[in-house]
Amino acid sequence: MKRFALIGLPNTGKSTLFNRLTGMSQRVGNWPGLTVDLTSARVLLGGSMVELVDLPGVNDLTGYTDDEAVVRDVLMSTAFDAVVLVLNAAQLDRQLPLAMQILASGLPAVVVLNMADEARLMGIKLDVDALQHKLGVSVALVSAKRMEGWPRLMDMLNRQASGTEPAVHAQLDKVPETQEAIALAHACLQGVWSLPPVLPVGQTEKVDAWLMHPWLGLPLFFGFMALLFNLTYQIGTPLQDLVGSGLDWFKEAALGHWLAPLPAIVQSLLLDGIWQGVSTVLTFAPILFVFFILMAMVEDSGYLARAAYLTDAFMARLGLDGRGFVMQLMGFGCNVPAILGTRVMRERKQRLLTMLIIPFSLCSARLQVVVFFSGILFRPQQAPWVLLLLYLLSFAVAIFTAWVFKHRYRGNEAFLLELPPYRLPGLRHMLIRATGEVRAFLELASSFILMGVVLVWLVSHIPAGHDKTLADMLGSVMAPVLDPIGIRHELAVALLVGFVAKEILLGGLAVIYGVPEAGLGAALLHHLDWASAMSFLIFTLIYVPCLSTVAAIRRESKSRAFTALSVVWSVLLAWVIAFVFYQGVHALR
Amino acid sequence: MLSLDKFPLGCKGVVDSLELSDEAFRRVAAFGLIPGSRFSLSRRAPFGGPLVLEVGCTRFLLRRSLARFIQVKVAE
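Order-wise, the sequence lines are chains A and B.
Counting from 125, one number per residue, gives the positions in the first sequence under this note's numbering.
Counting from 49, one number per residue, gives the positions in the second sequence under this note's numbering.
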């Protein structure tokens, strides 16, 4: 089988082209010998099967960003039959240097000049045949979004795939340095490509006059975020409930009956343990799907870069960049997609720092717990203010975390980001992307969450003498840690349940006090005093949001140590803040 | 000659020199900002936020902390 690499600068429509060529057949997989996931797909070109590998967008083959290192490693370790180089036809002045580097590496290449439609609107003069002659490789001018220029592109790819030359490794030592590549590219563009003396003022500038306005920009940004947030939950939550009740129905109607002949303890493991875990994971799917569709719209339309512009002044002080702000806000809906969404940040340290603070965003599952507790602990007039205070607390904790870790995960100061013209996102592209993201998450989370759920089941079901379970023992063992923060021993299990998912925490509390969920409020007031209930709430707010988030962090960071740091840090912080609160209240009394 | 973070808003200029590390230079050059290139400064975010520059058909954000090290001239 032949192997082609798809290479280009960020924002050149490389992924759109990839989706056009491969459709739904793509899969995300670990690249041998590297700790990166690359998307690849098999396509039939020129009568033979070709594996097309989508490499991360890079500016320069000689650079040291994470993505540039990945591309170099892949090109060195793997032999390719061809490189399909995707360039933005309107920006050849800055994009052709990469072509010069690829050509010098000795890899056979074809050049795809994308965004023909935008280049035309800009009034750019381009002689494709002359450029082809100067570069010495085939060049096709296309618009991947509109599928313009497709016959020539397919003809070019088919011809490349039917060649009989053996695959080759890149000779990176022959690649010219940046300055030399730029000089070569500019010489090549002489008389072949030119900008008009005055660029036409497009729609983008007119829209930006509002969206990047010095005073109106930020309010509009928060308005959009509120809209995005609401849409995710207006569409996602009913779907989530639907999936949830469908799964419950299946459990009641079918699974319960099938498992009836089994011994009670096995039934309990299968239903309360494993099935519970499977359902928890599956109910995330609709919300993730909706989120990724909306996120793809924000990113592909070009608005994400504007959001970065508006929030960068604040985020830079925290050692983050403006795109992290969007993810942080999205985390207030659900931490899981926000963590997965940090992929738009291409620098690893920036991503890690952002991933470290997202779990402090008070997500909708925790909101449920917070609303319940503030409803029973405070008067109706006070409750909304308490809620607001807890939101502020979650912001403060996130900012504090960024402040503590910003030196350890210091991002590169040389933060540059293209402000692409506004583009209408392609529906097909968004669907393919959202499906892929959801599938990848489910694959990982299913095993991870299953493990956690089964563990909690074991702890709360294995007897440990004197009609006590391991859970009761856990309470006693944890006493030295729980007593100073006023959390009663029986609640140790509730915290463990909450570690799996906050959605099941209230249900867990009801089981602990042996009351139906409707009577939980009264039971809690009976068993807990005000200070220790608040302490429990604060702890719940700050420690690990859920196992799915931990799974997402593990998947995105590809580091056990980092995942552990994230878990330990949040538990530690939760404990310290609950301690200060509880002891403070006692000192005042 | 002045540094890019002091450049007047809405004006066109020419890059004179970049006092940057190799790595930072590569990043900036990837957006077309090299000695001799023409640019215009179209926006400046409030509260010390990033600048928006245009080089050819490319518009991009650049932090002021980096712009300090780029020497430019106003184009006639």
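Just so you know, the hints here were simulated from the structure itself, not pulled from any lab data.
Glycine included, each C-beta is placed from N, C-alpha and C at the ideal position.
Heads up, a few of these hints could be off.
20 angstroms max Cα-Cα, derived EDC-like pairs, lysine to aspartate or glutamate [claimed, not checked]: (1) A/LYS298 / B/ASP70; (2) B/LYS60 / A/ASP191; (3) A/LYS682 / A/ASP251.
Here's a subset of chain A near chain B, in silico, CB distances under 8 angstroms, partners left out [what the hints assert, rightly or not]: (4) GLY187; (5) PRO300; (6) PRO321; (7) SER425.
Which chain B residues stay away from chain A? Per the calculated CB distances, all over 10 angstroms, these [as the list claims (entries may be wrong)]: (8) ARG75; (9) PHE108; (10) SER113.
**Q.** Hints not upheld, ascending by number
**A.** Result: hints 2, 3, 5, 6, 7, 8, 9 and 10 break, sorted rising.
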